[in-house]
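Given the structure of chain A, go ahead and fit chain B onto it with the hints provided.
Below, each chain spelled out in residue letters.
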Amino acid sequence: MAQTVFAPWDDPQAKPLIQFKNVTKRFGDFVAIENLTQDIYEREFFALLGPSGCGKTTLMRMLAGFERASEGQILIAGQDMAAVPPNKRAVNMMFQSYALFPHLSIWENIAFGLKREGKPKDEIAARVDEMLRLTRLEKFAKRKPHQISGGQRQRVALARSLAKAPKLLLLDEPLGALDKKLRQDTQFELMDIQEKTGTTFVIVTHDQEEAMTVSSRVAVMDEGRIIQVATPAQIYEAPNSVYVADFIGEVNIIGAVATREGESYRIDWAEGQPPFTAKTATGFADGQRCHLAIRPEKVAISEERPTDAANAVEGQIIDIAYLGNISTYYVKLANGQMIKAQTANTRRLSRRSFTWEDRVWLSWTETAAIMLET
Amino acid sequence: MRRFSWFNATSLTLGFAFLYLPMIILIIYSFNESRLVTVWAGFSTQWYISLLQNQSFLDAAWVTVKVAIASSTIATVLGTMAAYVLVRGGRFMGRTLFSGMIYAPLVMPEVITGLSLLLLFIGIGLDRGIFTIILAHTTFSMCFVSVVVSSRLVSFDNSLEEAALDLGCSPFDAFRLVTLPIIAPAVISGWLLAFTLSLDDLVIASFTAGPSATTLPIRIFSAVRMGVSPEINALSTIMIGIVTVGVVTASIVTKRSSIAQKRDEQAAARTA
Chain A
1 MAQTVFAPWD DPQAKPLIQF KNVTKRFGDF VAIENLTQDI YEREFFALLG
51 PSGCGKTTLM RMLAGFERAS EGQILIAGQD MAAVPPNKRA VNMMFQSYAL
101 FPHLSIWENI AFGLKREGKP KDEIAARVDE MLRLTRLEKF AKRKPHQISG
151 GQRQRVALAR SLAKAPKLLL LDEPLGALDK KLRQDTQFEL MDIQEKTGTT
201 FVIVTHDQEE AMTVSSRVAV MDEGRIIQVA TPAQIYEAPN SVYVADFIGE
251 VNIIGAVATR EGESYRIDWA EGQPPFTAKT ATGFADGQRC HLAIRPEKVA
301 ISEERPTDAA NAVEGQIIDI AYLGNISTYY VKLANGQMIK AQTANTRRLS
351 RRSFTWEDRV WLSWTETAAI MLET
Chain B
375 MRRFSWFNAT SLTLGFAFLY LPMIILIIYS FNESRLVTVW AGFSTQWYIS
425 LLQNQSFLDA AWVTVKVAIA SSTIATVLGT MAAYVLVRGG RFMGRTLFSG
475 MIYAPLVMPE VITGLSLLLL FIGIGLDRGI FTIILAHTTF SMCFVSVVVS
525 SRLVSFDNSL EEAALDLGCS PFDAFRLVTL PIIAPAVISG WLLAFTLSLD
575 DLVIASFTAG PSATTLPIRI FSAVRMGVSP EINALSTIMI GIVTVGVVTA
625 SIVTKRSSIA QKRDEQAAAR TA
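Sequences listed follow chains A and B, in order. The C-terminal residue of the first sequence carries number 374 in this note's numbering, and the numbering is unbroken. The C-terminal residue of the second sequence carries number 646 in this note's numbering, and the numbering is unbroken.
Watch out, some of these pointers could steer you wrong.
As the list claims (entries may be wrong) - In silico lysine-lysine, DSSO-like type, Cα no more than 30 Å apart, as pairs:
no., chain 1, residue 1, chain 2, residue 2
1, A, K139, A, K181
2, A, K142, B, K629
3, A, K139, B, K440
4, B, K629, A, K144
5, B, K636, A, K144
6, A, K181, B, K636
7, A, K139, B, K629
8, B, K636, A, K142
What the hints assert, rightly or not - Negatives, chain A to chain B, calculated, CB over 12 Å:
no., residue
9, E130
10, S161
11, E373
Don't read these hints as lab results, they were simulated from the structure. Yeah, the Cβ is synthetic: ideal placement off N, Cα and C, and Gly gets one too.
For reference, chain A alone in the conformation it holds in the complex (with noise of 0.2 Å):
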């Protein structure tokens, strides 16, 4: 039996909940978000990444209320908020510095939303005290913002945004306050309690970790622009471009000229020496220059030449990173190009085989390498 895989955004019956319709921002001369047309659908966990000023902020605020499209169109769950202002919109958002609010109990913070529509006490009693307990909190709902810790915090931030069951819970760079073992935890705990509630999320960040983690797709950013929506997967493997390739992770990328060769393509990288091959579903002229993306961990080192590998070539080490889990080799190739091969440190140190200066063999699959058009 096949399992159903998450994916609203392929099935065009489909209703979108959010969606962005030529939205462009201006302030002043500069413009932040331009152009800008994407659907998200309902309990989804989506992620804006991308470097600081990208607009990646501004686009979840224009959702929360705070900023108003210069052009174009916002609609959440069909209905145009243009006019809508933040306390009216049934969307919430967990501020990047938290935002409690200082002079009231942990559990008046979790209640604030609340009182504000006008509920019944013992409703909102019996909700914060969900929220509290959902979120791990029972022990500090007494507190004082001040008077817990900076992860206690983050949890009391994202129990105040849901208390209200918004339809939309946006999050802004929701663990960049916190150390990287306590962020992972929260990651899970997140993903954990957005697949109880059935919220769609929409998280901001700029830690490609983080984004790979938590979302169901990553919406990679830059200048005001949404580079290339994909799932996690898709994003790492198969990146639209260079820009995309280079923000995900490490990668290796070498400028060459492809030329069509049956199934594959030909791939000539620098002057007198031996070709690479590549396969690519998507089809570039002969002679057409392109880019060859590679991730270390698909790069094979070898001290004879592999007898199998679709491409090989010799280089030099110049470099060792020692990580713990894994180790990267930077290996000069002899036309002067760097490549990075990543192994797994599977034995212990002592027993590494190769070291410094070592002249050792880069080998990798034909469908490793990604052709990117430049």
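Okay, now just chain B, sitting in the frame of chain A:
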């Protein structure tokens, strides 16, 4: 630790003597038996007793307190509103001009402020009395409140207000329920500042006071022109006492709350 040198001791003594000697002499002479201010004739509290029986002083004191409370309260409301708009109102035409103009009365000579208010009151035919003093004091203390409150608002995290809006508050509710409680210490100290300024203002009050109402500073000043009486010394001593108690209490309260907060934060860090 560095040793305490003679040089340090001398500078400290000189500095503090310069600051406090006049007041100490005043306090000492308020307990003088003699009618002559500069001749010591033994300890007595008679001037305090005669002060309490002096109806004109008591009336003036009561007027002063009423004026101070009324004007500082109005000034706090107006000043906070002005500060909020200037810091938070976003960009609007003439914003720089307005924020510059709100500070101008701080450096304006009091004589000019007083005179212009006097001309205004005469111009619109307002009878001078306690009401005009309140108006005048509100006018000049409002900008002090606005300065104090806006310096707090500048460092106020804007996302707190956005969070309130996000959770369903109207802009007014966001101000009432979130902004105001958080900036309350600045608003209170603005009120205290306005209160103190009103309490000891002589120049503006003498322009705007009428025969029906006299404030304490005006009363003291006119009494001193007849010659300094030990009663004035006693009155001044009481005022010094009130101010000292007020300042010391305020600083103890602030210090305690900041220590408590620090302790809480450390406790939170430990249980993290």
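- Going back to the hint list, which numbers does this structure go against? Hints 3, 10 are the ones this structure does not satisfy, whereas the remaining hints hold.
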